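Given chain A, put chain B in place with the hints provided.
Take a look at the letters that make up each chain.
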Amino acid sequence: MPVAELRIPPDPAYVGLARLVVALAARQAGVAAERVQDVKIAVAEAVANAVRTQASLQSSAPIDLSFGVTDVGFEVTVEAQEGPPTPVDPAREPGPDLVDPELSFTIIEGLTDKMTHETGNARMCVRFVIGIP
Amino acid sequence: MELTLEHRTEGEATVLDVAGEVDVYTAPKLREKLVELVSDGHYSIIVDMTKVEFLDSTGLGVLVGGLKRVRSHNGSLELVCNQERILKIFRITGLTKVFPIHDTLEEALS
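For the record, the sequence lines run as chains A and B.
Note that my numbering numbers the first sequence so that position 1 is 1, with each residue one more than the last.
Note that my numbering numbers the second sequence so that position 72 is 72, with each residue one more than the last.
Since the hints were derived computationally from the structure, they do not count as laboratory data.
Among the hints, erroneous ones may be present.
[As the list claims (entries may be wrong)] Here are the computed lysine-lysine pairs in the DSSO-like style, where the Cα-Cα straight-line distance is at most 30 Å:
1. K97/B to K114/A
2. K68/B to K97/B
3. K68/B to K29/B
4. K68/B to K33/B
5. K97/B to K51/B
6. K88/B to K114/A
Computed from a predicted structure; not experimentally measured.
With the rest of the complex left out, here is chain A (with noise of 0.2 Å):
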């Protein structure tokens, strides 16, 4: 299966579409009906970074994601691409203001087989493998 990318904009109201659509590849590529809700949270939860990181740098870059097979399992990358400030839509969504960097990469990690991430200034990637039996 090849690896499949998806472009979201850096508001709240994406973030679900981003996890039903990962949830189905995972599905479709062959990871366990138990693991597939793993997969549904921790897209959900690594989105939800990307979203904050734009969103405190008033960023309006969008946030990428590529999933798939590949030769550790099931694959996800998720990049808050960096990008000029632009003014704050002021009726923006509240929500990226809830979200504790630390819970989310706790619960990343407690759900999949492998996590990585970077944090940096104007950076967020987010990088997990879901097994495949």
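Chain B alone, transformed into the frame defined by chain A:
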């Protein structure tokens, strides 16, 4: 699925029925509801999560915030949850030691 919230009084407790998905998009709605309940003097709250389809760390954070609010009034916030996929998140984060979690509403009310 969206998030729906309804509350009612059962004896001295206020039961908040939560149904649907709690994530970074919908969690602010749950936060507002808990803030509103505490502001209205509801300090003994049972959050019934039996119909919650999805919960992530933003939902956990909102529940912890609600717990802090009721505790500042010497109140309590207890949960009803019998779904393994949700309980797993509480266990991973160690929050099973923070929240009283009941299998049924009847158990929580007793």
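Structure-based check of each hint:
1. Pair hint K97/B plus K114/A holds up; C-alpha atoms about 26 Å apart against a cutoff of 30 Å.
2. Only pairs whose Cα atoms come within 30 Å are accepted, and K68/B paired with K97/B is accepted, the gap being roughly 15 Å.
3. Between K68/B and K29/B the CA atoms are separated by roughly 18 Å; this keeps the pair inside 30 Å, and the hint holds.
4. Only pairs whose Cα atoms come within 30 Å are accepted, and K68/B paired with K33/B is accepted, the gap being roughly 15 Å.
5. Under the criterion of a C-alpha separation no larger than 30 Å, the hint pairing K97/B with K51/B is consistent with the structure, at around 22 Å.
6. At roughly 18 Å between alpha-carbon atoms, K88/B and K114/A fall within 30 Å of each other, so this suggested pair holds.
Comparing the model with each numbered hint stated earlier shows that all of them hold.
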